[in-house]
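Asker: Residue numbers (our numbering), protein chains in the order written: chain B, 1 to 276; chain A, 1 to 276; chain Y, 1 to 276; chain X, 1 to 276; chain Z, 1 to 276; chain S, 1 to 276.
Errors might be hidden in some of the hints.
[Unchecked claim] Listed next, the in silico SDA-like pairs over lysine to any residue satisfying Cα-Cα at most 20 Å (straight line):
{"no.": "1", "chain 1": "Y", "residue 1": "171", "chain 2": "X", "residue 2": "26"}
{"no.": "2", "chain 1": "X", "residue 1": "49", "chain 2": "S", "residue 2": "26"}
{"no.": "3", "chain 1": "X", "residue 1": "54", "chain 2": "S", "residue 2": "16"}
{"no.": "4", "chain 1": "B", "residue 1": "63", "chain 2": "X", "residue 2": "26"}
{"no.": "5", "chain 1": "X", "residue 1": "84", "chain 2": "Y", "residue 2": "162"}
{"no.": "6", "chain 1": "S", "residue 1": "114", "chain 2": "A", "residue 2": "176"}
{"no.": "7", "chain 1": "B", "residue 1": "54", "chain 2": "X", "residue 2": "56"}
{"no.": "8", "chain 1": "A", "residue 1": "132", "chain 2": "Z", "residue 2": "21"}
{"no.": "9", "chain 1": "Z", "residue 1": "33", "chain 2": "Z", "residue 2": "73"}
{"no.": "10", "chain 1": "Y", "residue 1": "54", "chain 2": "A", "residue 2": "1"}
{"no.": "11", "chain 1": "X", "residue 1": "54", "chain 2": "S", "residue 2": "83"}
{"no.": "12", "chain 1": "X", "residue 1": "49", "chain 2": "S", "residue 2": "83"}
{"no.": "13", "chain 1": "Y", "residue 1": "132", "chain 2": "A", "residue 2": "21"}
{"no.": "14", "chain 1": "B", "residue 1": "49", "chain 2": "X", "residue 2": "54"}
{"no.": "15", "chain 1": "S", "residue 1": "58", "chain 2": "S", "residue 2": "77"}
{"no.": "16", "chain 1": "X", "residue 1": "194", "chain 2": "X", "residue 2": "162"}
{"no.": "17", "chain 1": "S", "residue 1": "157", "chain 2": "Z", "residue 2": "269"}
{"no.": "18", "chain 1": "Z", "residue 1": "49", "chain 2": "Z", "residue 2": "1"}
{"no.": "19", "chain 1": "Z", "residue 1": "171", "chain 2": "X", "residue 2": "119"}
[What the hints assert, rightly or not] Examples of chain X residues toward chain Z, derived with CB under 8 Å:
{"no.": "20", "residue": "121"}
{"no.": "21", "residue": "230"}
{"no.": "22", "residue": "252"}
[Unchecked claim] So these bits of chain X aren't anywhere near chain B, every CB distance computed over 10 Å:
{"no.": "23", "residue": "1"}
{"no.": "24", "residue": "35"}
{"no.": "25", "residue": "49"}
{"no.": "26", "residue": "77"}
{"no.": "27", "residue": "113"}
{"no.": "28", "residue": "189"}
{"no.": "29", "residue": "194"}
{"no.": "30", "residue": "211"}
{"no.": "31", "residue": "218"}
{"no.": "32", "residue": "221"}
{"no.": "33", "residue": "229"}
{"no.": "34", "residue": "236"}
{"no.": "35", "residue": "239"}
{"no.": "36", "residue": "240"}
{"no.": "37", "residue": "273"}
{"no.": "38", "residue": "274"}
Keep in mind the hints are simulated off the structure, nothing from the lab.
Beta carbons are placed, not taken as given, at the ideal position from N, Cα and C, and that holds for glycine.
Here's the letter readout for the chains.
6 protein chains.
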Amino acid sequence: MITTFDMLLDEDAVFGDITSETIIPEGLDAESKVIAKEEGIVAGLNYLKENVEKIGLKVTLLKRDGDSVKRGDSVAVIEGNARKLLLIERVFLNILGRMSGIATATKRLVDRVKRVNPNVRIAATRKTLLGKLDKIAVTIGGGDPHRWSLSDHILIKDNHIALVGLEEAIKKARRSSFVRKIEVEVERVEDAFKAVDLGADIIMFDNFKPNQISEVVKLFEARGLRDRVLLEASGGISEENISDYAESGVDVISIGALTHSTRSLDFSIDTTPKRN
Amino acid sequence: MITTFDMLLDEDAVFGDITSETIIPEGLDAESKVIAKEEGIVAGLNYLKENVEKIGLKVTLLKRDGDSVKRGDSVAVIEGNARKLLLIERVFLNILGRMSGIATATKRLVDRVKRVNPNVRIAATRKTLLGKLDKIAVTIGGGDPHRWSLSDHILIKDNHIALVGLEEAIKKARRSSFVRKIEVEVERVEDAFKAVDLGADIIMFDNFKPNQISEVVKLFEARGLRDRVLLEASGGISEENISDYAESGVDVISIGALTHSTRSLDFSIDTTPKRN
Amino acid sequence: MITTFDMLLDEDAVFGDITSETIIPEGLDAESKVIAKEEGIVAGLNYLKENVEKIGLKVTLLKRDGDSVKRGDSVAVIEGNARKLLLIERVFLNILGRMSGIATATKRLVDRVKRVNPNVRIAATRKTLLGKLDKIAVTIGGGDPHRWSLSDHILIKDNHIALVGLEEAIKKARRSSFVRKIEVEVERVEDAFKAVDLGADIIMFDNFKPNQISEVVKLFEARGLRDRVLLEASGGISEENISDYAESGVDVISIGALTHSTRSLDFSIDTTPKRN
Amino acid sequence: MITTFDMLLDEDAVFGDITSETIIPEGLDAESKVIAKEEGIVAGLNYLKENVEKIGLKVTLLKRDGDSVKRGDSVAVIEGNARKLLLIERVFLNILGRMSGIATATKRLVDRVKRVNPNVRIAATRKTLLGKLDKIAVTIGGGDPHRWSLSDHILIKDNHIALVGLEEAIKKARRSSFVRKIEVEVERVEDAFKAVDLGADIIMFDNFKPNQISEVVKLFEARGLRDRVLLEASGGISEENISDYAESGVDVISIGALTHSTRSLDFSIDTTPKRN
Amino acid sequence: MITTFDMLLDEDAVFGDITSETIIPEGLDAESKVIAKEEGIVAGLNYLKENVEKIGLKVTLLKRDGDSVKRGDSVAVIEGNARKLLLIERVFLNILGRMSGIATATKRLVDRVKRVNPNVRIAATRKTLLGKLDKIAVTIGGGDPHRWSLSDHILIKDNHIALVGLEEAIKKARRSSFVRKIEVEVERVEDAFKAVDLGADIIMFDNFKPNQISEVVKLFEARGLRDRVLLEASGGISEENISDYAESGVDVISIGALTHSTRSLDFSIDTTPKRN
Amino acid sequence: MITTFDMLLDEDAVFGDITSETIIPEGLDAESKVIAKEEGIVAGLNYLKENVEKIGLKVTLLKRDGDSVKRGDSVAVIEGNARKLLLIERVFLNILGRMSGIATATKRLVDRVKRVNPNVRIAATRKTLLGKLDKIAVTIGGGDPHRWSLSDHILIKDNHIALVGLEEAIKKARRSSFVRKIEVEVERVEDAFKAVDLGADIIMFDNFKPNQISEVVKLFEARGLRDRVLLEASGGISEENISDYAESGVDVISIGALTHSTRSLDFSIDTTPKRN
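The shape of chain B in the complex, shown without the other chains (with noise of 0.2 Å):
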């Protein structure tokens, strides 16, 4: 399998690493330490070694991912031929930095909505720049990763529907398949009717308000709908107002800023000659 870590590796080093081949000894071992610069939660550690140790070095870890780490923290030993380690340092770090980056402002929004109301979801979106890693990073950080691609759940999105409406597009989901279920994303309180009446599974409500959000669960509840269906909140959540949303009864909110917009968790890679 040719992981992005193997992609993004070939890339960054196409004709080799032309510093370290000019300077560095062939043969010469060394050590890495991999070091937190700041406070958050790692991600990505399981993912490095499994790539790292292919090509032939030895990774330790010191911290697993989902753990907290503090500034100071070494979370990795990298040992082996020093080529190879000045190699992959900085695609090692890129990885490793974007995923803890997720992973911690997940962790972040979960604590803060956990405290407002236990059951909600914090879920991501396919607003990703690293695809299958930013997800995987996000259910480290306690969110639900929400569909991987196109091929595996069906979401009947604004475009689906301005194309062929809400009825015909939910009827012909129903009839594809058993394991997926049906999600539909709506403007409109009249439509999340239509739509559950129609089967589906998941109701999205678009850019709907924290309070708009409580009617809607409260219309759900008097008509005694709430238990056939998940509610999810999606479009324009942040980090202020997130705790209004947790508060409105809603099941799922779902932020694609937490993959398109994520700051990198900073960590740096200290490598010395191996000690003997």
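Following the hints, position chains A, Y, X, Z and S against chain B.
Answerer: Just chains A, Y, X, Z and S now, kept in the frame of chain B:
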């Protein structure tokens, strides 16, 4: 050539776009309008046009890479088979939002430093997520891409020096290539002078404060070395202090945050049946 | 996107088609007629048209995926460079025969069970050879593709339960995703009820006889659980006994033989010089 | 080398095996026993061992490719990380069942014809689904793989002759290579003699009945040509009439059904916690 | 299909053609003339046309593969976007020069031996650098490509014989395939006769002098075996002694130097703005 | 990372090594000795060891890259499964012979010019066949690899200047990057001075005779520009006249023939059963 776009699309539709294939008629034609949801610099349009047209859709660009956009501006129209339009929507927006976010942030910093010092360059680092595309976005925003990869420029960093020493590193580097400049990262001023004596073309000052850089620049001038090398500040630079760095007399300011922690610029796609 | 067609063609012509390149003049144009040699359901035409046109041949479809064909029917005409026509002939027929064979077998079973119970679904398994193409063929034949891969649906099978137990498995699964249904394979009725209590959405009865399934369905009705879960029969199902399963009241009947042991439908290609 | 196994596994676990990753503890070790569920010839074990060991599992083969197995026989034990064992289970069984199914059918036909004529060969065609693996399975079953691809042997078929004529085709073919035999497909006996005169090494008789083949063989003997060429019967051959073909005196009998419509041989995998 | 051209171009422009992208306006059209700088046989034009047109340039061939060219001859014109023209220039010339160099050298040897013996073949070996392209160039020059790869012809060499002996090797080979010829490399005449007795179709005489080959040919004639096998001379053959080999009565002369040490034929590309 | 070695091996054994798989017992172990057949500089051993060990063979190097070898010297021993040893033999020798041939030719030229002028560099061009491997071989031979690709250095050539003019080209190039040198190819001396004025770092003199280069060097000295730029001679350089170029005072002499028309160095492999 298999591009990043192709790979992201393949992953996103590994077994097809099951929603559209289920509910959208096979032969239906439609039209997608790509609309900016906020103000910024648009980047990635040429790249996306070339990639999207490979699968048989027609793209008309209404803006050019580097143009300013404001909320509500249409930047492109994509026409063709409705299933294909829906298939590429998310990957299209992810790349457009990412690249435009980077270009916008770069442009803001470039504008800021140009007011203080029109000769200073804002440069990216290798702290990227989409590699080449991130670098192109920096360029569109008016920045300098720095090195593309480990293969195209010699940059001797702290970990290299820890293993073989400054002197041996630069000597070997100088023998290796006549087409590549040699850059050396230093943490102390003495090392900068030593590096220049040994033939370095560029000195990167790691984590120097603006006033420390100012002093270094004066020392270089005093020794008559100012024209022989380029001076780069790196580490600890933010939107707040970048003007101070620009005033320090340094040639290049490189900022990892441009590409490792950028906020995506928000765009959306509206798809409607084709008017005849 | 590199498709299965592309990969099969690359393998088949790794050093070119030496027969045609040796004996067919380079610029010769010709026309290939694709003809059914036996009765069945045709499947794969859209897929093949898209792939074949990528290399510069023109394909006119005379039938559509899902249509019935009888011996002698022309299903498509391919026009263009004679060497290219001969190059793709075998891969074209292999995929067309395979997919049509699967669609034909699926349709036959679907028709059979519909006479007994119009609500039952015939589903494929992951016992495939051409992966996605096999599943698409099942769909064209009126069946349900079940899960595409290990990534899109949670199915807890005997080997999972042997390792961690039914209860732990379902509990963890329920926490993992709100968009995915949870299916559990059981060998005993008690486990089915336990699984439903724990939150399973679908129960797969492994190697149950039709009368055993009937009893299970009655027990589910008796306990008021019939509407809360989907029931699937799997294992030991054949053309002979499938009507009995359909009568049992089960929702889904899945059959590996549809894709692991299907007979290809016979097609041939006649290539003649292009008439001007 | 990226093998068919790798590609099938990548597709099957594009975003990982979500069931196992959710419910099986990360460090758990286990053991999988691969068991034959019916009688036949096992094939694919060497190939699978090599591929499975690449991802860090240990495979002990209890049978060898070509061995007979009966219901209940263990053919291999795979040990290692439980998640990995569950990850590869289906792809492993799909390839093993496919290859063993082909080897079993080949062996049955080979045994049948050998009783009648020990010198006749049973050969595959290019009507394959897994390409090389199907051909290897035919070989393990005692058959002849025929040509691997369009690149390794010259076979002039009806469509070639329709475009350029028999004579020109064979003349050009003879000039092209001294290492490749030239085979010509004919529908009439006169063409066979003409082909031999022009230098064909092998004649393939398309859709000739056994008694027609017998007559042809006699004519070849009468003209003193029997030792100069190999004669192959192809088309319309089945388990029922294959002995008649073997008696006809032909050298080779090729059968597409061996690879385009084979029944998989049934195997299962039992996974249990590792005994210490 | 990802061709050698594609791979070389991808490597050469991994992050784009930074010179052209920097200095050539994006929409500029231009025209490149491909000109021979010395006399020889041109080869690779068809291959290059097909590959270059895939990226949207138009190629007009002024010569055909196999034509003689002299210094100053234009062999092709390529039109289109100026950046693309400059992008492909070096890869285009590398392949054209390589293939034409091989074709020219082959043609020279073929002409030389034909004067002495019109029936002898000049064949390539597997000592290639660009694999298939080198073989195609040999064919264009009038030579025989010999085997494409390890997969298409059985050639029993010294190292095989050292491991299992001549007799076992040939016996097993004869059982393996009816479509493949069996070639055996020998260092002594006795082994040649033994190999023929065992059923070899081609004998390769390794490092035999021309007069030794002549004697061998006579011995084969004396034993009445001359028509049963093809005789190939290999090893130690050069432009100087090749006529002697041609006179020896051998069927095939194979020469590694054609493809492992060929001089490229010199071509250049002149690019000018598009005339309207 | 899929290397050139992997790709060549995949192509060479697309359906396996049919000779060895047919005649060599599966479990047989053997030993291959790699022997130089002529005098030269060996190159490629590290690369080959790393690639060959990936498939489970053990390589012991008896020489190091850059060492001199004479006829009969063993350079490496490879041990392991006999089929694998035979599988990689030809690809191993092709790469070793190619790289050693280039290193040998480079070393010869380097030695020659060093006698005249120890400061001059011999550089490769992009007229390569195996890309990166050719460049590495030049480096091992003591040469300079010049640019790896179109992405890592700005080289403004005749075709660029024909399209946009010298001045615009250099101005744009200077703005594009602070890490890349700018090289300009000139055909007239005036252009060299113009280029230097505009900021070029390296001037490439195309097809200048040695005495013309000498005069240019004097003019540069007279104008006080000699230390500001590197001067490169390119075009029309051969083993015969290279000493004259070295005497001319130029900094770099680049020669395409090193990589487009090199003679491979001859090596052979002897494989014998493993001694216990």
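Asker: Would you mind marking each hint as holding or not holding in the structure?
Answerer: Cross-check of the supplied hints:
1. Y:171 x X:26: Within the cut-off at roughly 17 Å; holds.
2. X:49 x S:26: holds (14 Å)
3. X:54 x S:16: holds (18 Å)
4. B:63 x X:26: holds (15 Å)
5. X:84 x Y:162: holds (15 Å)
6. S:114 x A:176: holds (16 Å)
7. B:54 x X:56: holds (11 Å)
8. A:132 x Z:21: With Cα atoms ~14 Å apart, residue 132 of chain A and residue 21 of chain Z stay inside 20 Å; holds.
9. Z:33 x Z:73: holds (10 Å)
10. Y:54 x A:1: Distance of about 15 Å is within 20 Å: holds.
11. X:54 x S:83: holds (18 Å)
12. X:49 x S:83: holds (16 Å)
13. Y:132 x A:21: holds (14 Å)
14. B:49 x X:54: holds (17 Å)
15. S:58 x S:77: holds (8 Å)
16. X:194 x X:162: Holds, at about 16 Å.
17. S:157 x Z:269: Holds, because 12 Å separates the two Cα atoms, which is no more than 20 Å.
18. Z:49 x Z:1: OK: residue 49 of chain Z and residue 1 of chain Z at ~15 Å, within 20 Å.
19. Z:171 x X:119: Answer holds: residue 171 of chain Z to residue 119 of chain X is near 15 Å, not above 20 Å.
20. 121: Given a least distance of 6 Å, the restraint on residue 121 of chain X holds.
21. 230: Result: holds, 6 Å to nearest chain Z Cβ.
22. 252: holds (6 Å)
23. 1: holds (12 Å)
24. 35: Holds, because the least Cβ-Cβ distance between residue 35 of chain X and chain B comes to about 27 Å, which exceeds 10 Å.
25. 49: Its Cβ never comes within 10 Å of chain B, the nearest being 18 Å, so this holds.
26. 77: Fine: 24 Å to the nearest Cβ keeps residue 77 of chain X off the interface.
27. 113: holds (43 Å)
28. 189: holds (54 Å)
29. 194: Holds, because the least Cβ-Cβ distance between residue 194 of chain X and chain B comes to about 52 Å, which exceeds 10 Å.
30. 211: Given that every Cβ of chain B is farther than 10 Å from that of residue 211 of chain X, nearest at about 53 Å, it holds.
31. 218: It holds; residue 218 of chain X is separated from chain B by about 58 Å at its closest Cβ, greater than 10 Å.
32. 221: holds (57 Å)
33. 229: About 47 Å separates residue 229 of chain X from the closest Cβ of chain B, which puts it past 10 Å; holds.
34. 236: holds (40 Å)
35. 239: holds (38 Å)
36. 240: holds (41 Å)
37. 273: holds (22 Å)
38. 274: Holds, because the least Cβ-Cβ distance between residue 274 of chain X and chain B comes to about 20 Å, which exceeds 10 Å.
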